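Undergrad: Read off the chains here:
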Amino acid sequence: MKNLTYIALALVICSSCANESSPDIDKANFVRIYDNNKFSASYFPIDIKQTPDGGYLILGGRRIADPTSPNAQYYSGTYLLKTDNLGAIVLEKEVATDIVNPIGPLLEVNSKYYFFSMEPKNIQTQLSEVDPSGTINKTTLVGGSYPAAAYNDNGNFVLLRYDDFSKQSVVTLVSPSGNSINSKGFSVGAGDGVEKPIVEHFLRTGRQFPFQVGKTLSGQYFFSGFYNYTFSLVFTNLTANNPQGVVQGNQDDGGFSCVMPLDGNRYAGARFSYGDNYLMPNITLTGTGITSSVDLEGNNLLELAPNATVKMLTATINGKDCILYGSNTRGKQIGLYGYNKADGKFIGSRYLGFSNPFEIAAFTTTSDGGLAVCGTTFIAGRFPRICLFKISKEELSKSFQ
Amino acid sequence: MKKLYLPLMFLAIASACLGQPKRKAPKFNSTKPNGQNQFLDKQWWLGFKAGTNLSQADVMKRYTILTPTNYGSNQIDKTYDAFNVFGIVTSVEASFSYKGFSFSLQPTYRSSHFTYSNQLRWFSTTNNNESLTQNFSQEQKIEFAEIPFLIKYDVYGDRLRPFVQVGIYYSMLINAVKTVQVSGTDIASGGTNQLSTEPVIVGTKDLFTNNWGLIGGFGVTYQTGNVRWILDATYRMGMSNIVNTKNRFANDRLSGIGDAQDDLKLNNIVITAGVLFPLRFLSNDFKSN
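Top to bottom, those sequences are chains A and B. 1 is the number of the first residue of the first sequence in the numbering used here; add one for each residue after it. 1 is the number of the first residue of the second sequence in the numbering used here; add one for each residue after it.
Chain B on its own, in the form it takes in the complex:
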């Protein structure tokens, strides 16, 4: 699926370029309203963006397989890291702008990563040499095909146009993979034995599902010729559980080591940069500076 996005983006760019042969962009940078600019207040834009994202898993409800009988369950709680691993974002943006407002649909591929860890320890109160500590570090990668719908507002309009945006998105699960690294210290073997295993990579698509959320952000466009360069940042707040609750314990590899998927919402900071192409011009009178 991921491989399809690059050709699709290329086709989108190519079609946008081929759709406007030898045409020049109108003057968007005029500060004085005129008939042409009034017309250009209505415009379709098509382009693509790419960038990165950072994720935060927001725990809704904790689940555990390992159930302590003689110690507190908080001792084995997972500790989630926030916004610490970069993921990839690529989007095709189709926008209709009207008098400073833009209504934008941005089909997106997003790979999000989040990490968490926990520790288990077994020991003797009478013999210090009887002790084993195990550390579990887990990195979850989830790929989504997203359909965000955004409303943008240009704060002021000139060649450089800052804007703010709000919207909603729906994420469709493409794939998920978890990497588990187990390490530890065993001092019951006659010495200090540092344990480390090769990471175990487990397919976890069954553990997750489609979800939705809200978007807020800001950005800026810069006009050169007919095209607009865009740089924007959004915060995507997950509003629904990304976990497939029916399959929480379905993965034997993970349940075997005591890992059950908590209920999670996924929040993201997404930063992208790209280029937008206008889709219509009235005449050759519209020339860019």
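Pulled out of the complex, with its shape left as it was, chain A reads as follows:
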């Protein structure tokens, strides 16, 4: 009897050691690669947002194999993917080819998501409204050519686009209903030479430039785009014809990869220069005068791919405010680099992906304190597909201390 008691006790102890999976664990950490078995299919993500149900909405682009709209084959099509909180597909849609060249980010206003794109026939900008389930509710013509970047300005949108008629980088304030509120254009410079890399960017036949538009804490607007023959960071109040400040790049070989206001005149950013990449978690920009990005000190990360895509966000990890950079390494991994927001001190790194190439497109903090990183992987070394990494709060805490 006594022995039986011991055996029963052992069974209870062993049972308590059971290591069962649970939805909480499954949604905290996962990796997904969304595969289509069509040989010629090609997908790439543009932006990701976590939806109120805990799932993820991914805006992507796709290769157009069978255009139904004129000129659509010259541009990337639009792809929407809605997943649940485990990364499983809820809805995926190859959007009709009258919506091409979508750009990020997904702009959230009143539980609706918006993105700019182009209609292919007259290459005019349009604005699409998407509900959290991934369904496009409506698409409105905004006008103007070649949308390049967007920003959510408290419910209105700041749009950066390239006007191929006036040869200008144009910053426009747009309402969610698609009405232009204010607009200002800045010349990229005369001649075809400066326009060539811009058009190749939109056709995706050339280098992809890190166009960006945003707003400073003092209320100035800024854009990172072509101005006066140079890929520059330009500050404007959308009133004056000339920029209030310019941080010049170096033609199309140097400039900002991304920039983010922190406090006062303090910014975090990254820049590229002739292939090199510099992460700058603590720089000062006044938004006035003419300066050069080359003069800005930063950490030269030689492990990053030449002129790498760099994404940036702020997050709270281990109770500390941090700046997280996401970029692409020469080793074809996604690299995450963390810095203290207060002083720019390096706090850790983490690498995602192996075996096949991986490239970052966007990342976002999640409601559970984790991070969702969306990128492109090339399955079998060749098929571009969307991948999603979910990293738990605990894993982030280990990587960035």
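Read the hints as simulated data drawn from the structure, not as lab findings. Check before you lean on any hint, since a few could be wrong.
As the list claims (entries may be wrong) - Which residues of chain B face chain A? A few of them, derived with a C-beta cut under 10 Å, are: (1) 44; (2) 61; (3) 122; (4) 216.
Predicted, not measured: the structure shown is a model, and the values here were computed from it. Yeah, the Cβ is synthetic: ideal placement off N, Cα and C, and Gly gets one too.
Since the structure of chain A is already known, use the hints to place chain B on it.
TA: Chain B alone, transformed into the frame defined by chain A:
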């Protein structure tokens, strides 16, 4: 860790032998009960066993990294093979026998292997030359330090003693290694290109964890002199998940090729042979035949 087992076993054997110098074994083979045999109904045995095992991964829940958008997920399900790769088992056995029953603790080293495979295919419906097939073959080796507790019952007692046994075990993870072989056929390169890569060996200790299970089996002992030779077979039924659920996607090398560890229980057929030494004798009157 594996290297420690051989010296430990050697020490166990040596100590058992040295503990009984010049003593002869009692008569266990007498069929008539007498006082000596009644006493010998109580005996401690110490010995060692070694053998092999075959494993079967019992899938509790499937996980996938590759998530199909335009085809069924069952097309990329992993196919597990069962009891197809031999592993190693070595044990030290310490038993107390009493009237045909034995209570046995058997610290064990076990390396288990299981294999699985899956296939991916990309193709064009309009151009037969656009096709790539990739085959992934994976062999998982997991090493455990096990503590099995068994109750044996001698079916009948003589020089040859068949027995049955039941018990429980707790397995502590020592190490795990996965070998991945990728092969395939690419006919999009202008001809039929048979793809084959060198196996990739990946440390996967983080993907697994300790677990427990139940044991049932049978065997036979044969008495020669003071020692008992033992041959036994057990079926070990895993009762808990062997996978570390928190680290399922932690290995970038594996997640990069789309491999996520399913939740698994591990079942084993274990066959061992060895020798047991008695640990106590009353007097020189106990002599073996």
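Undergrad: Take the hints in turn and mark each one as holding or not.
TA: Hints, verified against the model:
1. 44: 17 Å, violated
2. 61: 6 Å, holds
3. 122: Holds, because the Cβ-Cβ distance from residue 122 (chain B) to chain A comes to roughly 5 Å (cut-off 10 Å).
4. 216: This interface hint is violated because 14 Å lies over the 10 Å limit.
Comparing the model with each numbered hint stated earlier shows that hints 1, 4 do not hold.
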